[in-house]
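For the protein sequence lines, the chains are C and E, in the order given.
Residue numbering for the first sequence follows numbering that gives the first Met the number 0, starting at 0 and increasing by one per position.
Residue numbering for the second sequence follows numbering that gives the first Met the number 0, starting at 0 and increasing by one per position.
If you are wondering where the hints come from, they were derived from the structure by calculation, not from laboratory data.
Treat the hints loosely; a few may be bogus.
Think about it this way: if two alpha-carbon atoms lie no more than 30 Å apart in a straight line, the pair counts; the simulated DSS-like pairs of lysine-lysine are [unchecked claim]:
# : chain 1 : residue 1 : chain 2 : residue 2
1 : E       : Lys211    : C       : Lys12
2 : E       : Lys200    : C       : Lys12
3 : E       : Lys67     : C       : Lys12
Residues from chain C that face chain E, not an exhaustive set, calculated with beta carbons under 10 Å [claimed, not checked]:
# : residue
4 : Pro75
5 : Phe91
6 : Val126
Cβ-to-Cβ under 7 Å is the rule here; a few derived chain C residues that face chain E [said to hold, decoys possible]:
#  : residue
7  : Pro63
8  : Leu66
9  : Glu127
10 : Gln129
11 : Leu130
Ideal Cβ placement from N, Cα and C applies to all residues, glycine included.
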Amino acid sequence: MLSSQEQFNINLKRVVHEYSFDTASILDKKISRKRILLKDILYIEYYDRHSYIKLTNKQRIVTPYSLGYWENKLKPYSFSQCYRSYLVNCRFVADIKQDYVFLLNEEHIPLSRGFKKSFINSWLESVENQL
Amino acid sequence: MISFFFTCWGYIAALTLILNNRCKLRIDYGKSLGCSLITAIIIAFLIYYYPSIYTKFVMIFLEFLLFKTILPLTTFHTLCTTLFLEINILTSECLVGTIFTVFIPNHEINNWFILFLCFLFSAFFDLLFSSIFHQILNKKIPSYSWVLLILPFITLFFALNITEYFFNANSPFMISAVLFGLVISNFVMLFLYIKSIQSMKLQNEVTLFTQKEKLFQEKIKMLDQNYHLNFNFLHELLHQCNLLNVYEKINDKENLHKMIQTISSSTSKAFNMIYTNAPALNAVINHFLDDIRKDQIDIETSVFCDLSSIAYTDQVLLFYSLLDFSIHSIKQNQKPKKVIHISCKEIHSKSAVKIEFIPPKDPIGSYQLPNKIQEKYDPYTKIDIKENSYTILTVI
Numbered sequence: 000m001l002s003s004q005e006q007f008n009i010n011l012k013r014v015v016h017e018y019s020f021d022t023a024s025i026l027d028k029k030i031s032r033k034r035i036l037l038k039d040i041l042y043i044e045y046y047d048r049h050s051y052i053k054l055t056n057k058q059r060i061v062t063p064y065s066l067g068y069w070e071n072k073l074k075p076y077s078f079s080q081c082y083r084s085y086l087v088n089c090r091f092v093a094d095i096k097q098d099y100v101f102l103l104n105e106e107h108i109p110l111s112r113g114f115k116k117s118f119i120n121s122w123l124e125s126v127e128n129q130l
Numbered sequence: 000m001i002s003f004f005f006t007c008w009g010y011i012a013a014l015t016l017i018l019n020n021r022c023k024l025r026i027d028y029g030k031s032l033g034c035s036l037i038t039a040i041i042i043a044f045l046i047y048y049y050p051s052i053y054t055k056f057v058m059i060f061l062e063f064l065l066f067k068t069i070l071p072l073t074t075f076h077t078l079c080t081t082l083f084l085e086i087n088i089l090t091s092e093c094l095v096g097t098i099f100t101v102f103i104p105n106h107e108i109n110n111w112f113i114l115f116l117c118f119l120f121s122a123f124f125d126l127l128f129s130s131i132f133h134q135i136l137n138k139k140i141p142s143y144s145w146v147l148l149i150l151p152f153i154t155l156f157f158a159l160n161i162t163e164y165f166f167n168a169n170s171p172f173m174i175s176a177v178l179f180g181l182v183i184s185n186f187v188m189l190f191l192y193i194k195s196i197q198s199m200k201l202q203n204e205v206t207l208f209t210q211k212e213k214l215f216q217e218k219i220k221m222l223d224q225n226y227h228l229n230f231n232f233l234h235e236l237l238h239q240c241n242l243l244n245v246y247e248k249i250n251d252k253e254n255l256h257k258m259i260q261t262i263s264s265s266t267s268k269a270f271n272m273i274y275t276n277a278p279a280l281n282a283v284i285n286h287f288l289d290d291i292r293k294d295q296i297d298i299e300t301s302v303f304c305d306l307s308s309i310a311y312t313d314q315v316l317l318f319y320s321l322l323d324f325s326i327h328s329i330k331q332n333q334k335p336k337k338v339i340h341i342s343c344k345e346i347h348s349k350s351a352v353k354i355e356f357i358p359p360k361d362p363i364g365s366y367q368l369p370n371k372i373q374e375k376y377d378p379y380t381k382i383d384i385k386e387n388s389y390t391i392l393t394v395i
């Protein structure tokens, strides 16, 4: 039975955050004619001068942008870099063990030493936002 | 060739039927009859025209395939059955040979009578095997159970080198006895193995029951604590109600109003503390109840999971360390409203526990998770210190 104003504010903040994450999307004709919801993106991989958006429905979308571009754009939405060529949606991280990030779709992505601390912090922040 | 066919089919059919009846395997009779007849014909043909050790290997493989097809068993159990069939044939025929050597030395061999005797002994061994086999069937056996097959394999290897199992009809008694002893030792080993497995299982069950009993004791203790808390609360409420009646009778509206406010506040606090949805958290809050009341601290909880991934004792340890640190810190706070907010949620099979409170102006030490929790769960912790909030997040 929570009735205090503080608790209400905390819950409201959480609901607003959830709502913004659920509705935020990308609409770019260079990538796709359809709107891509951020909650459907598992991770973005960069290789061969292209970045590839991996979606939860196993679809891969090619984009002409760099990983830095995506990082600037998606950082406020729980996306964080765990490896030189990977930008992961922290919402889909199931576990972090040693040098790997385990995703909910049972894929695992390498976690480099340089990005480890910042990635874990972003993941914990995303967990905190879900609480 | 016909006698080979009958012998082979007879042994297979007898073993299949006895296993089916004793172990309730529910085999398809039509399929079993057809498959066993075809296998027996192939084996009889191979043994009659190409009698060699390699043919025996092919024969064992065919028998394995046959049992795998007609019996609903695992590979390990099928291999056990195939090995037994071969050892059974060896035992029965050796036994008949030994009987003839010892009791009827100068006998005239009647093939059908020998065959009848062999089937008789075979059926006896089948019954013995099925009663032991029944005990290991449908039970989780340890992975090292394959070791069990070493002795049967050695026996079988010995048997493969004998062209005629009745050879000992003309051999000395000692050889027959050794051969028979080797076969019997297979059964003895199997029996001892099952007994040791049963004993291990019983030991595990005893340990499990002891742990369950400990858990029940802890739960009883917790229920007892809850009962006392509820009793004290209701007792206090009864007093307050009596006072309410008194104030109402003497028409003291000021005190009446104050008392209603007090009851409302204490009921709200008690509800939050008693029903946190996490038994471990309840127990820890009850432990700190005196401090919470003395310093007028509000504990607000939002528990959305049962924290099943963390052992109950570890949950108590975790909540104890978190509450101990936050109560100690919040005591130094001069603000009239002291609130500690605890939230727990399961996020993708991980348990997240967050505690949040307003820190005092003076700096407080940094929170450290208990070593036991660190070592056992290797959790991730994030401590966020802001001017008006101190947050500790632990993901286990």
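Cross-check of the supplied hints:
1. As the CA atoms of Lys211 (chain E) and Lys12 (chain C) are separated by approximately 42 Å, the hinted pair breaks the 30 Å bound.
2. For the proposed pair Lys200 (chain E) and Lys12 (chain C), the alpha carbon gap of about 53 Å is over 30 Å, so the pair is violated.
3. Restraint check for Lys67 (chain E) and Lys12 (chain C): the C-alpha separation of about 62 Å exceeds 30 Å, so the hint is violated.
4. At a threshold of 10 Å, the smallest CB-CB gap from Pro75 (chain C) to chain E is about 17 Å, leaving the interface hint violated.
5. The beta carbon of Phe91 (chain C) comes within 8 Å of a beta carbon in chain E, closer than 10 Å, and the hint placing it at the interface holds.
6. For Val126 (chain C), the shortest C-beta to C-beta distance to chain E is roughly 5 Å, which falls under 10 Å, so the interface hint holds.
7. Residue-level restraint check for Pro63 (chain C) is violated (minimum Cβ-Cβ distance to chain E is 32 Å; threshold 7 Å).
8. Checking Leu66 (chain C) against chain E: minimum C-beta separation of about 25 Å lies over 7 Å; hint violated.
9. Restraint check, Glu127 (chain C) versus chain E: the minimum CB separation of about 5 Å is within 7 Å; hint holds.
10. With a least beta-carbon distance of about 6 Å to chain E, the hint placing Gln129 (chain C) at the interface is held under the 7 Å criterion.
11. Restraint check, Leu130 (chain C) versus chain E: the minimum CB separation of about 5 Å is within 7 Å; hint holds.
The earlier numbered hints that this structure contradicts are 1, 2, 3, 4, 7, 8.
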